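Given next are the chains, with one letter for each unit.
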Amino acid sequence: MRQPLTAGRIVTYAVLILSALAVIFPVYYVIAGSIMSPGQISSYPPDLFPHGIFTGNYEGASSSGTPIGRQYLNSVLQTSIITLSQLITSVLAAYAFVFMKMWGRTVLFGLFLATLMVPWESIVLPNYLTITGWELGGERLTASYAGTMIALVLPFLANAFGVFLLRQSFLQFPTELRDAATIDGCGHWRFLRRILIPLNKPALAAVGLYVFLAAWNQFFWPLLIGDSADKRTLQIGISQLNDAEAADPGLILAGVTLSILPTLAIVVFGQRFIVRGLTAGAIR
Amino acid sequence: MTTESVPAVATRSEPAVAARRPTPASLLSWLMLLPCIVVFALFIVWPLGKSVSLSLHGSDLFGRPDAFVGLQHYRDMLGSAEFRHILWVTFAFVLLTVIPGVLGALVVVLLLEQHIRGIRIFRTAFALPFAFSVASASVIFATIYNPAIGLANGLLGRIGIDRIGWLTDPDWALISVAITTVWMSIGYNVLVLSAGIGAIPTEINEAATLDGAGGWRISRYITFPLLGPQLFFLVVISTIQSLQGFGQIKILTPEGGPEQSTKTLVYSIYHTAFANNASDFGAASAQAIVLLVILLACTAIQFGVLERRVHYK
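Residue numbers (our numbering), protein chains in the order written: chain B, 63 to 346; chain H, 9 to 321.
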């Protein structure tokens with residue numbers, strides 16, 4: 063609908079543009095600052111626009127004392143394992159809740175949902191004591207690189223949120239289709255793999271993207287678990303770039319720019335799926 | 009597999025009452041639930057009990073429980089001025105993040121409803137903070153708040169305002185952390201409210217337009233009141249998230265802020281358990297239980313009020 067440009071509408075646009083600029087500004091600044099030379103970024107009053115493209119910060123970020131490349135790999139690995147595992151465990155559990163008859167399933171589903179109410183911060187200390195107390199092949203679990211990765215992902219291999227969302231989706235699956243498949247001799251696994259999963263791709267994408275963002279975002283647990291630079295995740299790595307004495311802002315911004323690339327791609331291209339995952343529960 | 013699926017189908021086509029009749033549990037369905045049950049039992053249910061138990065014990069040098077001290081940690085906590093300070097900071101942080109975060113998003117969403125052009129560009133702009141993890145957002149704001157070369161003071165300098173010690177002045181540190189938090193949450197809040205507006209039947213707006221109501225009258229008398237459930241949901245969810253905020257506090261103010269001005273409950277749990285070889289897991293666990301009770305109360309309020317509105321089927 064096209065409307066005449068009245069004073070009210072000019073104000074509407076002005077407020078929107080200003081607030082959008084305020085929200086975008088840090089996004090712009092991190093990218094612009096990452097290609098500024100050390101001289102330019104430390105100038106006062108600060109410069110808003112880069113003079114040409116300076117790549118030294120990216121070279122510095124990858125060759126500094128912090129092994130950013132290794133930490134990037136750690137984060138990708140940690141996030142992929144958690145996402146894949148939660149998709150599998152959620153599909154299986156949601157399938158059992160919707161399509162299989164079993165005693166006490168309503169109560170069990172209630173218990174699953176109840177686990178969502180327990181804040182991670184309230185149980186992080188016992189989990190820390192448990193996992194750092196475990197041994198693998200005679201040495202402390204977190205002593206090795208592989209052991210640290212196991213410790214990073216173990217508590218997050220399943221989450222009731224995925225089960226909840228997929229159950230919602232499976233419940234809307236037409237009973238007639240299920241019946242028809244069964245009459246044709248289609249067993250549980252075949253039905254799950256060939257019919258249910260392909261037809262619920264949007265819900266799976268929503269869960270997958272939601273879990274990916276949450277896992278990529280983790281801070282508290284990785285902070286406790288990775289005890290040497292090469293075993294840390296990217297999030298801990300960039301926060302330590304910031305802690306370093308005489309921190310170089312250009313280097314920090316280059317590190318941050320690298321760290322937001324995967325999620326920036328998800329937000330720009332996967333918006334319609336994350337909306338579904340993120341707002342589940344907010345809308346009736 | 010095929011033979012098992014027959015009774016499963018029978019239950020789905022039977023009336024709901026018959027389906028509730030207990031029958032022998034199928035082994036396969038339990039197998040499918042097993043991974044979730046194991047993870048939840050091992051890393052949520054058992055630690056919950058362990059947290060309570062830790063809070064009733066003292067701790068050795070490595071944080072492991074030693075002597076049973078009963079409610080001593082709770083008594084110490086409630087009697088200490090420091091703990092009251094922590095609760096106050098936590099409460100102030102919630103107010104400073106939830107109110108601006110939800111109101112700001114409401115204004116943006118109502119403006120976006122005024123049939124403006126380029127609505128998709130604006131929506132994407134407000135969604136961009138999603139791409140930032142807590143750590144990356146905090147690190148950027150730390151750079152912006154830098155007292156010497158940061159942009160915040162640089163821009164203020166251009167309009168003749170004196171430098172502010174964003175993260176070093178006890179009056180400003182919590183506000184600075186709150187600004188970062190609001191920035192991180194604005195995209196989600198806009199998303200939820202937009203979805204809420206999308207769910208309002210278009211006939212209502214059309215009827216009001218026919219009756220001569222303009223954009224702002226529709227916003228004020230129709231959209232805003234009908235957004236009630238979403239606004240309530242956002243207030244509760246933001247409160248819960250704000251109470252759990254940790255990364256931004258730890259990164260922006262590594263020592264809990266100047267004069268402990270950003271020492272919230274979650275930061276204090278971390279600090280009591282891990283900082284400076286303190287390793288007091290007992291006292292930290294008592295704080296963790298207090299956090300649990302506060303968050304459960306928030307969740308209970310949410311379910312109590314929203315119960316009649318949320319349909320799971």
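Simulated from the structure, these hints should not be mistaken for lab results.
This one's a predicted model, so the numbers in the text were calculated from it and none came from an experiment.
Treat the hints with care, since some could be wrong.
Some residues of chain B that are not near chain H, with every Cβ distance over 12 Å (derived) [said to hold, decoys possible]: (1) P107; (2) T117; (3) G118; (4) S125; (5) S142; (6) S147; (7) F171; (8) P181; (9) L198; (10) P260; (11) N262; (12) P264; (13) V337.
Residues from chain H that face chain B, not an exhaustive set, calculated with beta carbons under 10 Å [claimed, not checked]: (14) Q80; (15) Y82; (16) S88; (17) F134; (18) P137; (19) R228.
Stretch-level coverage of chain H by chain B, calculated; a stretch enters the list once three of its residues show a Cβ under 8 Å from a Cβ in chain B [unchecked claim]: (20) 91-100; (21) 170-176.
Note that CB positions come from ideal geometry on N, CA and C, so glycine has one too.
Quiz item: So which of those numbered hints doesn't the model satisfy?
Solution: Violated: hints 1, 6, 7, 8, 13, 14, 15, 16, 19, 20, 21.
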